[in-house]
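> Sequence:
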Amino acid sequence: MTAPPPDDCLARNDWICGDYLSTRRQILLDAVAQHLQLTVVSVALGLVIAVPLALLARRRRWTAGPVLGLTTVIYTIPSLAMFSLLLPVYGLSATLVVVGLALYSLTLLVRNLLAGLEGVPAEAKEAARGMGYGPMRQLLTVELPLALPAAMAGLRIATVSAVALTTVGAIVGYGGLGNLIYAGMNSFFKAQVLTASVLCVLIAVVLDLLLLGAERLLTPWRRAGRRTRVRARATARGAEPAAAPGRRT
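Start counting the sequence shown at 0; every next residue gets the next number (numbering that gives the first Met the number 0).
Heads up, some of the hints might be wrong.
[What the hints assert, rightly or not] Per label pair, the in silico range of CB-to-CB distance:
| # | residue 1 | residue 2 | range |
| --- | --- | --- | --- |
| 1 | V39 | G131 | 31 to 41 Å |
| 2 | G118 | V200 | 24 to 34 Å |
| 3 | T22 | G172 | 16 to 26 Å |
| 4 | P51 | A10 | 47 to 57 Å |
| 5 | D18 | G118 | 46 to 56 Å |
Since the hints were made in silico from the structure, they are not lab data. Glycine included, each C-beta is placed from N, C-alpha and C at the ideal position.
Work out the full structure: start from the sequences and follow the hints.
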């Protein structure tokens with residue numbers, strides 16, 4: 000006779016297992032906390048580096064090509080090769096993962112910030128100069144706010160990419176949820192692999208929504224502009240003359 004299957008989903012090694020969530024809760028929380036920390040710190044570091052680079056490329060046009068080219072070359076380096084190149088400097092540490100992810104984020108952040116700055120209307124800059132704004136005040140109060148939508152688009156993509164790339168840090172022991180994914184794949188622990196993967200997706204979605212909300216809060220004029228366009232279209236439709244009635248015979 001064949002033995003009946005065990006009642007415990009862990010013993011059956013099911014993909015979906017509530018017992019795994021209850022028995023490994025603290026392990027999951029620690030992994031999520033490490034994943035968030037690595038992601039946020041790396042993207043913040045990338046932003047700190049990207050802003051001066053974009054401003055340099057905007058101010059001195061001849062540097063735009065080398066800056067964009069260098070960041071693009073860095074982005075094309077495979078993650079394993081990147082960590083290997085940084086290993087002699089940072090060793091097996093969380094700093095190794097943070098620096099690697101920050102370097103990967105540069106191409107997205109620099110390109111979008113530079114595109115946003117170059118998209119600032121010349122009329123806005125001329126009006127600022129006419130009001131007596133100096134270069135720094137014009138940059139902080141006119142150019143950067145108007146470049147914010149494009150910059151936030153790059154930041155959102157860089158953040159979501161960092162969430163995914165953080166898992167690769169498991170090769171040096173600092174991969175957040177990636178540690179659980181790789182350990183689960185090696186032992187074919189289905190519930191651990193699926194749970195950690197789903198949590199990675201949730202983290203990416205939540206961070207993207209938070210950045211989208213921050214963008215809307217920081218750019219209230221865009222909402223006002225949309226409302227104005229909607230009212231204008233509604234007014235135009237209401238003002239359209241009615242069609243002439245057909246002629247009766």
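> Hint by hint, say whether it matches the structure.
Evaluated hints:
1. V39 / G131: 31 to 41 Å: 39 Å, holds
2. G118 / V200: 24 to 34 Å: 32 Å, holds
3. T22 / G172: 16 to 26 Å: 23 Å, holds
4. P51 / A10: 47 to 57 Å: Since P51 and A10 have Cβ atoms about 56 Å apart, the given range 47 to 57 Å holds.
5. D18 / G118: 46 to 56 Å: 53 Å, holds
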